[in-house]
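On the provided structure of chain A, position chain B as indicated by the hints.
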Amino acid sequence: MSLNELITSSASALAEKLAAKEVSSEEVTRAHLDRIAEVDGGERGVHAFLHVNTEEALAVAREVDAARAAGGDDAAALHPLAGVPIAIKDLIVTVGQPTTAGSRILEGWMSPYDATVIKKIRAAKLPILGKTNLDEFAMGSSTEHSAFGPTRNPWDLDRIPGGSGGGSAAAVAAFEAPLALGTDTGGSIRQPGAVTGTVGVKPTYGAVSRYGAIAMASSLDQIGPVSRTVLDSALLQELVGGYDPFDSTSLTDPFDTLVAAAKEGSVAGLRIGVVKELGGEGYQAGVEARFHEALELLKGAGATVVEVSCPNFQYALGAYYLIMPSEVSSNLAKFDGVRYGLRVLPKDGPMTIERVMGATRAAGFGDEAKRRIILGTYALSAGYYDAYYGSAQKVRTLVQRDFEAAFAKADVLISPTAPTTAFRLGEKLDDPLAMYLNDVATIPANLAGVPGLSLPGGLADEDGLPVGIQLLAPARQDARLYRVGAALESLLEAQWGGPLLAKAPSLTAATAATTEGVK
Amino acid sequence: MAATDEILSFDEAMERFDPVLGFEVHVELNTKSKMFSSAPNVFGDDPNTNVNEVDLGMPGVLPVVNRAAVESSIKIGLALNCEIAESCRFARKNYFYPDTPKNFQTSQYDEPIAHDGWLDVELEDGTVFRVEIERAHMEEDAGKLTHMGGATGRIQGADYSLVDYNRAGVPLVEIVTKPIVGAGSRAPELARAYVSAVREIVKNLGVSDARMERGNVRCDANVSLMPKGADKFGTRSETKNVNSLRSVEHAVRFEIQRHAAVLASGGTVTQETRHWHEDTRTTTAGRPKSDADDYRYFPEPDLVPVVPSREWVEELRATLPEPPAERRKRLKEAWGYADAEFRDVVNAGVVEAIEETVAAGASPQAARKWWMGEIVGRAKTADVDPAELGVTPAAIVELNGLVEGGKLNNKMAGQVLDGVIAGEGTPTQVMEARGLVLVSDDRPLLEAIDAALAAQPDVADKIRGGKVQAVGAIVGGVMKATRGQADAGRVKELILERLGVSA
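Chain order of the listed sequences is A and B.
Our numbering numbers the first residue of the first sequence as 469 and each following residue consecutively.
Our numbering numbers the first residue of the second sequence as 5 and each following residue consecutively.
Among the clues, some could well be false.
Claimed, not checked - Derived list of chain A stretches under chain B, where covered just means 3 residues or more per stretch with a C-beta under 8 angstroms from a C-beta of chain B:
#, segment
1, 575-583
2, 715-725
3, 793-805
Claimed, not checked - Below, simulated PhoX-like cross-link-like pairs (lysine-lysine); rule was C-alpha separation at most 25 angstroms, straight line:
#, chain 1, residue 1, chain 2, residue 2
4, A, K838, B, K97
5, B, K484, B, K415
6, B, K182, B, K207
7, B, K244, B, K182
8, A, K862, B, K97
9, B, K207, B, K36
Unchecked claim - Sample of chain A residues at the chain B side, in silico, Cβ under 10 angstroms:
#, residue
10, Y679
11, A681
12, I682
13, S686
14, Y808
15, M825
16, S849
No lab work stands behind these hints, which were simulated from the structure alone.
Every residue, glycine too, gets a C-beta built ideally from N, C-alpha and C.
So that you can see chain A by itself, here it is in the shape it has in the complex:
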């Protein structure tokens, strides 16, 4: 394989070449580490990674190569993805590497335990390349709320890579990793996928264990795959998913037909529902154009396209911004400087425990985290609970009913993933409400716990930037998403003559460019 192929190949293609011993895991891993060194750092770097795990990644790669070379049982026991490197969103705890959640309050903290998904990845011997950047505690849609600086969009380094999982999406889009893990609370896997031209899946709530994913909003959070192809995401979800006794909310259902569904990839005879409320006003023309082209392709492949209405989706964003911060206010209470992480002592006045906690939290949390903690604390307060948290839970039920009604008419639902393409760094940083609107199409799935997949839908005419298409399926029907997603992907790629990311500008020139005028 050429050097370029080592990093541009899909995970499934790499897996095949590794199994055929056409390439070693060490070569593949080293190629990605070299790519990270080349494009990630520096003032104009992508900055997808907060930590690069060079030594351990290479050690794991060599283990895989040794097992493969030994042949026999050792080689036969290897997982199909063994030796394929992966990047991990820095919200997921890992032994031996720092986990920061993108926050100063955890800077330097080392987890004493591995998340369940990390245990599975280690058992399957995927070299972990490092930890990827994110909005602090996964709060944001641009990765600009990271305490360690923003990630840049590989399509245009002056634009945001989406968020909160901008690091994972950018790493995959920039060929720094073929696979990554993200977390999705309101769209944090799918929206970055949309704006970086990658695939991102939020599985059914409970399909992947949350144990070891630092909680933002427990009832909404879900770990999921990020990749460049639908099949790769299916491979990764099958690996990390499944029941976990350490997560009471994890499902006992088997999710073991995802890869088969992605390989099958068909839409013939399926009813595809266009959600009336997820389009039109507020959606960029280029986004709508690509979306409608995709619908035509699906029709051409034998799907029936129907319109469905989900009238309560208009309240979903509001409900989300009550439930999510309520849970945030409680989940983030543990970061107080008493047991681990940052501890800041008050500059003057009495040294009481309350004041140490206060000083630590004041210094350790960024503005967006504070904004949501305050919002949630109010929403849960006596006298406000019913009006805010209580009402939001009712909306949540109504959104679930909307989905039920829609899925009675359609097998999968479809919409643009995000209303716009990637906006410029800094453009919405001072306007939280504008920032929140990025997730208007992705949030309903989190409120209802249903799975959602975003895949590249082409480039918007007006700015040449990637557009994402979102597919939604009923809870536990993740396989259906992969089947339809893979079909749409091949229809689109046939049109483009290859993967969308082949159209992305060369990064090596761009990241080396000077930064005049930026900031």
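Showing chain B alone in chain A's frame:
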């Protein structure tokens, strides 16, 4: 220190006011692992050794409900005659304090696992008082803070504080009563009897070690007063962590007297928590507490509802042991003990030991004699529970047989018992090893009797003259000469026979 509170005499308080009580009793369950983690639930280990990432509230952790703790909670609910919820949830009680690693306590709030029960509490004179139970809910214990430096041992004024998270996450069941009205002047006694009854129930169920000195059972006592005949409750105080039965009684009595003094002088009682001081038998003000304390409760999103199937509940109901009060009543009748005798047995904590001893073949009277007369005293000296001395019911039956068979007298039996406790073997083995054999051959006794009679001729004359009660002096001489290894009854018989006097 807070200024000493004025108090009214208890009698005067009772003339003017009716007390209303309420209790929150926290019971630590003795499950192997904690409420939401697999860390061991063990008392007394080195600080922060029985903890894992869940107990420390590390980033990313999730709780998992301990099924054994749910089972214990259902048993407690059933023993308190409660309804068991078909589905119930945990909630988060949010507050910042360093003994709570997550800065929220996972507890049940509006959906307790057990609710609407009652408990019949028997006072010392046999009066039965029904206490209504509002709820019994599951929650996790907090860690233990030790405040170093400063005079009070409280956080105020301390130089620094130590935190031990071994207790963090220990399963708790909190039992909450409805307001208890109508106890009148027996309120302090009822308070003690109620907590005692709860303690006995959880111990009897085997779900808690129920040792109050270790904090396995902890009581918060709510007291308020209303003018005699009124039906609107007064403002309450909540005396926290009253952790012995005696203290519960004293704390309720003190608070009644304190409230009475405040109200009698036209003042108003402050709604607050109170700290109990065992040394002075008084309370002092804690923090103000209002019903509006805002813990921002909301359903715990990391846990799914607990849904105990009716089949499971019925299975557990079928395995419940006989309630302690009913059992006591049954045993007292079966054994034929007088009220006072039985009460002493209960207070000494040897009901079970006597039951086992009777089952092993001793008469109830003999069993009581050995446990109350011999073993309890030795246990007290050794500062252990009577059962912990290691005397088996079988050993007692054997020992008692040796005495009744004339092989040992009571004094020698005591020495044999010491040997058994010291681990020297069975009573027979101890008796033989120590050469403790009751002299039963009459000849050496007769020699000793003749010698004793010769030594005290005036006494011998008195006995011959009909003053049979004087025989004690001769018996004493014989026992002395035989170093106690004689059967005193037989000695007496032989003396009278020798002197030709009928008993």
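field: Hints breached by this structure
entry: Those not satisfied: there are none.
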